[in-house]
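Starting from the known structure of chain E, arrange chain Y on it as the hints suggest.
Order-wise, the sequence lines are chains E and Y. Under the numbering used here, the first sequence has 129 at position 129, and the numbering climbs by one with no breaks. If you count the second sequence from 1, you need to add 1000 to reach the numbering used here.
For the record, the hints were derived by calculation from the structure and aren't laboratory data. Remember, predicted model here, so these are calculated numbers, not experimental data. Glycine is no exception: its CB is placed at the ideal position from the N, C-alpha and C atoms. Among the hints, a few may not be true.
Pair ranges (Cβ atoms, derived) [stated by the list, open to error]:
| no. | chain 1 | residue 1 | chain 2 | residue 2 | range |
| --- | --- | --- | --- | --- | --- |
| 1 | E | Gln281 | Y | Gly1048 | 29 to 37 Å |
| 2 | E | Gly193 | Y | Pro1271 | 52 to 60 Å |
| 3 | E | Arg259 | Y | Glu1275 | 29 to 37 Å |
Listed below, chain by chain, are the residues.
Number of protein chains: 2
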Amino acid sequence: MLDVVLVGCGGTIPLKNRWLTACYLRCNGRAMLIDCGEGTQIAIKEAGVSLYAINAICLTHYHADHISGLPGLLLSLGNEGRTDPLAIYGPVGLQRIVNGLRVIAPELPFSLELHEYLQPQESFTVGDLSVTAFAVKHTLPCYGYRMQLPRAGKFDPIRAKHNQIPMAIWSTLQKGNAVTYEGVAYSPQQVLGAPRKGLSVVYCTDTRPLERIATMAQGADLFICEGMYGDASKQDKALETQHMTFSEAAQLAKQAEVRSMWLTHYSPSLPEPNEYLADAQAIFAETQCGFDGQRTTLRFED
Amino acid sequence: MLDVVLVGCGGTIPLKNRWLTACYLRCNGRAMLIDCGEGTQIAIKEAGVSLYAINAICLTHYHADHISGLPGLLLSLGNEGRTDPLAIYGPVGLQRIVNGLRVIAPELPFSLELHEYLQPQESFTVGDLSVTAFAVKHTLPCYGYRMQLPRAGKFDPIRAKHNQIPMAIWSTLQKGNAVTYEGVAYSPQQVLGAPRKGLSVVYCTDTRPLERIATMAQGADLFICEGMYGDASKQDKALETQHMTFSEAAQLAKQAEVRSMWLTHYSPSLPEPNEYLADAQAIFAETQCGFDGQRTTLRFED
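If we strip away everything but chain E, and leave its shape as in the complex, we get (with noise of 0.2 Å):
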């Protein structure tokens, strides 16, 4: 299972009522944060998840909204007395800006491991989630990200009979393991069907709407989206400023067939996202407004 917490949904500037935008990832006890403004700390607290099992920071691009937190929370995992290496991921530039921030927090308890992307899609790992960070449009470079779990295809007692795997091993294989038993070496795929559908998240944040979105976001389970604008008639306003309003997000939600989408990242002129909800969900029925500290647990089907 893997559960998604919206720690914050608020755009430009930290509001007495919004946190800055960013989220929280978990999955069998490890977890990544997706960007880090002023305040995502204290809004992680908020949220009742752990700032420990952070294992990666995964940055979209380099605004202040989305970057200011980072010396405070890697400050404050020092002082939870984490000593593991930190792995950060961001846009071309992510050495020189973690560099200038950290003159207030030159010592860590702890390494980071920075890796700064190369090309428009780059993929690796946190933990079991397989993950896809692909360039986007904004006023600066700037990455969405498609987090994957896999799962892998269902014990198949014929085949592993089939395959004449000694019953020995049958549940090391069944359980994902390669094993080497009496000398001859088995693979979990000896015993296992084709790979079953996964969990998928995909957010997007800060950017024009594009068809590389919705390829990457196909079939999500969900759709984490930036809606700067409520109103469609501030669509100039989202051209000039590179962001999208509720109705693009939902044209791609769409689009992509995802099974759900939460809007994030509003503007600061836009207090009450939900008066401007009916026209997202007459486009994608499925469109909620995210919310500060909003959660879920998706889970394999079956």
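Same frame as chain E, now just chain Y:
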């Protein structure tokens, strides 16, 4: 009159119910801010005071809990349309620290005037306030602040007559303005008695207690002082981290004969500062445990 708002009262890390320590002082429409940790801009909004009125930011030192909110606050000032220059004061290293943090706030619609302290004591003005920064004792260079609102002497008609000041300019001189009348220059001192007691606020965090602090705080109307540890048995910890216990702060307040003291900059391990208030009040009765958003308006005596 002088408005004082304790924007936050926490030390080390921002908590979900406690902002980091910062102080906002406003006099005749101009404000200064002391320190700017993560979330200070939100705390200022919660306190209902104006970001826009800030003319100067005075930093005590460069631990992250005192400065990590600076880039976000600068950007928010820019978003509010500020074009007036902003003064920032702080210990040696100010250029390096501000330039580092500005990696995420490279473009601002106003200029920054950085003033780095080269002496253990330096004085300047912010609007009508006379400010003195003075070195204190922490694990890195750190300054306390004394803010003074001076008060001119009372209008003295006997003195004015004695000095043969034309009555036509009495009112102008009474308001503190020099004037040239019929070719002769006159100064306010010619019609005013001796300067009267003004208003003063002294702010000290992070530091060990020092004679210099007692001297600088002498007779202050309000002394805002760190109290990292409530429990007097944490004396060793206070020595190790170069902070104070409540009792030490109260001793300073007593020695400085201040009118009142607010404690601030509580350790995250001190969720209920009021549990230790009696210990401080036993030493200095006019002690209060400061809290987020605490405020007072100091007025001239009459």
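Now the hints, each set against the structure:
{"no.": "1", "hint": "E:Gln281 - Y:Gly1048: 29 to 37 Å", "verdict": "holds, 36 Å"}
{"no.": "2", "hint": "E:Gly193 - Y:Pro1271: 52 to 60 Å", "verdict": "holds, 54 Å"}
{"no.": "3", "hint": "E:Arg259 - Y:Glu1275: 29 to 37 Å", "verdict": "violated, 50 Å"}
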